[in-house]
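Using the sequences and the accompanying hints, generate a full structural model.
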Amino acid sequence: EPEVTQTPSHQVTQMGQEVILRCVPISNHLYFYWYRQILGQKVEFLVSFYNNEISEKSEIFDDQFSVERPDGSNFTLKIRSTKLEDSAMYFCASSDRTGAAYGYTFGSGTRLTVV
Amino acid sequence: AQSVTQPDIHITVSEGASLELRCNYSYGATPYLFWYVQSPGQGLQLLLKYFSGDTLVQGIKGFEAEFKRSQSSFNLRKPSVHWSDAAEYFCAVGAPGTYKYIFGTGTRLKVLA
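Chains B and W supply the protein sequences, listed in that same order.
So the first sequence is numbered by our numbering: it starts at 1 and just counts up by one.
So the second sequence is numbered by our numbering: it starts at 116 and just counts up by one.
Please note: incorrect hints may appear among the correct ones.
Using 20 Å as the maximum straight-line C-alpha spacing, the simulated EDC-like pairs for lysine to aspartate or glutamate come out as follows [what the hints assert, rightly or not]:
(1) B:LYS78 <-> B:GLU56
(2) W:LYS164 <-> B:GLU44
(3) W:LYS183 <-> W:ASP123
(4) B:LYS42 <-> W:GLU203
(5) W:LYS164 <-> B:GLU53
(6) B:LYS78 <-> B:GLU53
(7) W:LYS176 <-> B:GLU1
Simulated from the structure, these hints should not be mistaken for lab results.
Every value quoted in this text rests on a predicted model; they were computed, and no experiment measured them.
In structure tokens:
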């Protein structure tokens, strides 16, 4: 079964450092997403991406965050200057159809710890 | 605003017993409804989804869910739980015309042998 792959599985970074989380979506999918889950809290939507541009973003996704599809296979989330409150599990997802109707395939997540 | 409530944070059942996990949503129209499962160290796996039509939907691993418009609920059920079902279960809502899901806080299921 096709999978969404995320690397690394766990990353520790110092406050103020830039971090890039990487994702390889399912190869024929065209819609890409990032979610995060702070420990003990809800899974929250960050951003959706289609046709090389952001299609929707949440209030959480401020200027410190950016997404990119640098080549035909990777989808990255960059946090420019990490804060302690960015510590969370970050999930990448992809889908082959538009919108929220069809269900995504999620990756297994990257646990980001900011110290 | 859309919201999803999963009233039970933890549920413990014995293996072989039946299971029902509750999910209530708040949305002006009928949203798209999903249940996901997360095993330790794993990602979120889609169990089942509801868009329209038959209000009882079947999913993977023997799970089913029933959409009840009058109660704004989408409860997940399984007739006989297996030890491997121990995981965290998330209900999610997607609004037509948007790309995002709103997740509930999750229900952690423990299965006793």
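Quick rundown of the hints versus the structure:
1. B:LYS78 <-> B:GLU56: Roughly 17 Å separates the two Cα atoms, so the pair holds.
2. W:LYS164 <-> B:GLU44: It holds: about 19 Å lies between the C-alpha atoms, which stays within 20 Å.
3. W:LYS183 <-> W:ASP123: 18 Å, holds
4. B:LYS42 <-> W:GLU203: With Cα atoms ~12 Å apart, LYS42 (chain B) and GLU203 (chain W) stay inside 20 Å; holds.
5. W:LYS164 <-> B:GLU53: Not satisfied, since the Cα-Cα distance of roughly 27 Å exceeds 20 Å.
6. B:LYS78 <-> B:GLU53: Roughly 15 Å between the alpha carbons, so the hint for LYS78 (chain B) and GLU53 (chain B) holds.
7. W:LYS176 <-> B:GLU1: Given pair LYS176 (chain W), GLU1 (chain B) holds - Cα atoms ~15 Å apart, limit 20 Å.
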